[in-house]
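Student: So you can see what is in the structure, the chains are spelled out below.
2 protein chains.
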Amino acid sequence: MSAPRQISRLLSRRSLISSSRRSTPTPIFKSPNLSVRHGSHLPPRSNQFTQPTKEHLDALKAISSSTLSTLDGSATEEELRSFNDDWMNKYHGKGSIVVKPKTTEEVSEVMKYCYEKGIAVVPQGGNTGLVGGSNPVHDEIILNLSNLNQIRSFDEVSGVLVADGGVILETADHFLAEKGFIFPLDLGAKGSCHIGGNVSTNAGGLRLLRYGSLHGSVLGLEVVLPDGRIWNGLSKLRKDNTGFDLKQLYIGSEGTIGIITAISILCPRRPSAMNVAVFSLESYEAVQKVFAEAKGHLGEILSAFEFFDKQSYALVKKHQEENGGERKVFETEGDFYCLIETGGSNAEHDEAKLTGLLEHLMENEMVLDGVLAQDSTQFQSLWSLRELVPESAGKAGSVYKYDVSVPVGKMYGLVEKMRAKLREGGVLEGDGKSEGPIRAVAGYGHMGDGNLHINIVANKYTDEIEKIIEPYIYEIVAENEGSISAEHGLGVMKAPYIGYSKNETSMELMKQIKQLFDPKGLLNPYKYIV
Amino acid sequence: MSAPRQISRLLSRRSLISSSRRSTPTPIFKSPNLSVRHGSHLPPRSNQFTQPTKEHLDALKAISSSTLSTLDGSATEEELRSFNDDWMNKYHGKGSIVVKPKTTEEVSEVMKYCYEKGIAVVPQGGNTGLVGGSNPVHDEIILNLSNLNQIRSFDEVSGVLVADGGVILETADHFLAEKGFIFPLDLGAKGSCHIGGNVSTNAGGLRLLRYGSLHGSVLGLEVVLPDGRIWNGLSKLRKDNTGFDLKQLYIGSEGTIGIITAISILCPRRPSAMNVAVFSLESYEAVQKVFAEAKGHLGEILSAFEFFDKQSYALVKKHQEENGGERKVFETEGDFYCLIETGGSNAEHDEAKLTGLLEHLMENEMVLDGVLAQDSTQFQSLWSLRELVPESAGKAGSVYKYDVSVPVGKMYGLVEKMRAKLREGGVLEGDGKSEGPIRAVAGYGHMGDGNLHINIVANKYTDEIEKIIEPYIYEIVAENEGSISAEHGLGVMKAPYIGYSKNETSMELMKQIKQLFDPKGLLNPYKYIV
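These protein sequence lines are chains A and B, in that order. Here the first sequence is numbered in UniProt numbering, starting from 1 and rising by one per residue. Here the second sequence is numbered in UniProt numbering, starting from 1 and rising by one per residue.
Quick caveat, the hints were computed from the structure, so don't treat them as lab data. Values in this document were obtained by computation on a predicted structure and should not be read as measured data. Just to be clear, a hint being listed does not mean it is correct.
Claimed, not checked - Among chain B residues calculated to face chain A with C-beta under 8 Å, some are: (1) GLY212; (2) GLY216; (3) TRP231; (4) THR242; (5) GLY325; (6) ALA352; (7) LYS353; (8) PRO407; (9) GLY450; (10) ASN480; (11) MET510.
Even for Gly, the Cβ is constructed at its ideal location relative to N, Cα and C.
Put together the whole structure using the sequences plus the hints.
Tutor: This is the structure we're talking about:
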């Protein structure tokens, strides 16, 4: 990219991919190649929990009519699969009962009953998690919240939305869009995930850079406690300093100390102007420099800064080729790519800021090439270059997915270390010595949040590969004082590794909190803090 | 204000007050008229705590050399006054020992000793609180953090500041200003308050509208637990989903479950352009309309929206007259005033947005008059119209201060109800029936956050007045599902009234948390959750 004109030329040729729209999340949740059984080191069933029987089922059916079970033939094992398995088909529960309450009171009655009987329960939202946190490990009852899906109120003056936990994120956002507001969270799974699940896993996503964490935007919660009591903490107030901020404990608690049945959240006005540009770059250093320039030039309108490497881009291109999408986006491809999104209240001002940035980047030869979206279709298409990475990786093979936080400067070093480790283990394809089974190690993520995703694409899941990756990847994260789970949570996958990110005192305090809030340990057992 | 020109004319005449700069916070903390003893209903001393003796003092001196006490004559009672009294001179502790540790390890050793001996401790930052939370109620040892005042690190890429809890807010902000960053919190007491105290009281302040709550911006904490253990939770990561977010519990816990010795906080870039305008308006309805217009026109650059009523303005004018400041600000005064601040990265764009708003407000006759600051002196002067309200009230008499949260539409109704109640009680001056003792009921606050401050200015504090105000004011807040403490906290003043804002289940959970984290109840007793 040597002059602004080239950006225009690229745009006039509409050399933009168009195979997938980011507002169509369904394909992201189909991963046909991920059918191999994985996660072999799961904890054994605990005898402290009562095994669910037909008698329990009858009692639960009396509480909530939308109850399915293999125990009385009201559902087949196959029909319960989507509740028992995670979407990557990596973790497989053996739950025989799925309860789908329609009201908070039903949730409360279900928990009262289970608490009395000592039956373990896994709360389940859209079941879109990546760490096996929302499906049973053994025979826990599945308390699915999809029937609790009403928007309760919205205040157009304050922007406060109150809605059931089972409302789908995209549904909430569409509702808000009509009023000129935006849900302060966006992520790939938006078409399936529940807002209650988002809060209970403290989802981060694509625009945390702009709208901040849920710890700041969630104003209140309604939670059913493990013993069935309903805690009404559904405040609509932006400021309230009257005692411990209890709701904060539930944000990110992954359903281990209560079930979020409703949330109250502060929603900002929807930006009236949005722009997106994607650049190819020479090096990770160049990405960091562009990030600094973007913050300086765009200031308050910068709403996302994402990056992906050439391996990620190759996966997406291959996936798009197979689906007949156009391919040529950049005249000059690079080893790295970044996506910059702006969202503001004045289109003219935003364009001026963005043009200022583009001119600066080109004059200083900080990027190789760039494409700027000119309409909403192009906007979606450019976003899909980044958003299709996980789906494209899934299409290419069995994917080991990692989600870590480290200081921005050290982020890509982790990917390189991982490649070196796999090469050393003789399992990396194309290193001159080996033919696989690892086809690609792709790095991408949310630059603005220091959040790196590493997708390791293999022919199939094997213990040999897993042993090369883990705990090595957690060790190098710990060396950099990072987090072994930036946004995906602990679930069952990372529960054994929490010590790489948290010290003894932290873990002790966490265990005390779990013990205090859920003394029988019935909620989402075998996970999180064990 | 009928045309933009008038704003220019006003500005060219520089009809701006200039008696006080908001960056000079000291005068705010001198309230000579507030010397009457108040708060007569304090809880009695608990026998569960060991009374501090000379022996304890010697042990504490061996741990921390900066220890003052009346027990060995190293300090007089008078010298301990500033530690024992709150700044309003409303609450008076009887502590005989002040420990001022220089390191986290010293804080830890002090707490280990006090835990072993069963001695109660009040953690103290800048002692600028408004609810008697940071001075002793009886003979608690005062653990003052002013010697723990080092900035530990700052990362110019991520904007993450790590600093001791005893760093003064303004010191931190000046440090950041030199690097082009801003502390994401600003409040009147900035020249005295500590950042550790800000976090432990979940301070809100003037720009919460823009930078959000500390629950979103604080990334990590170092806390000394009641038994003296040091919990190192000083994460610098923006995203970390590995277990309960323990730091959140300490944000707003008012020193009841741990002592914050260091914080890690995400600091945004400092806006390169800032503007402020103040308007006079006819009614509270007009203020609400202007607020909606400001959000629409200014979008992401709106950084503060404050309002104050004519009673507040009269107090400020009187105070300024007495101090020889200029007075004429508005050609047309109103029953209400509002202050709008913008902060952005592009001066030209910000001015265009602000001009758009001003033209719209004038064309539609939504304001009576307006003044726009043209340089940093005017900027400070206009801010002082709002920021001088509490100090001016203090100069005018003995002030009953309330800080509540209610939906924006209902905010001013509370002030009117309070006036009616006082009139009904025959204590309001100038209602045709009575000559006082209430001289003014002033309402002002942070419109953007639904946060109202009511200052009731009396000749002196009396039980008669207090009984008219309390619990009536809390009842009308509760009727509106508001908070009886938006940002000031509970302390000793509001601890008995928490039931007006929190339900039984909330209080039960809070008591369990207090019991879990501080089983001996040694930290900041008689306050918060009792």
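Student: Each of the hints needs a verdict: does it hold here or not?
Tutor: Structure-based check of each hint:
1. GLY212: holds, 4 Å
2. GLY216: Result: holds, 2 Å to nearest chain A Cβ.
3. TRP231: holds, 5 Å
4. THR242: With a minimum Cβ separation of about 4 Å from chain A (threshold 8 Å), the hint on THR242 (chain B) holds.
5. GLY325: violated, 31 Å
6. ALA352: holds, 7 Å
7. LYS353: Since the shortest Cβ distance to chain A is 6 Å, the answer is holds.
8. PRO407: holds, 7 Å
9. GLY450: Constraint on GLY450 (chain B) satisfied, holds at 6 Å.
10. ASN480: violated, 10 Å
11. MET510: holds, 5 Å
In summary, the structure is inconsistent with hints 5, 10 from the numbered list given earlier, while agreeing with the others.
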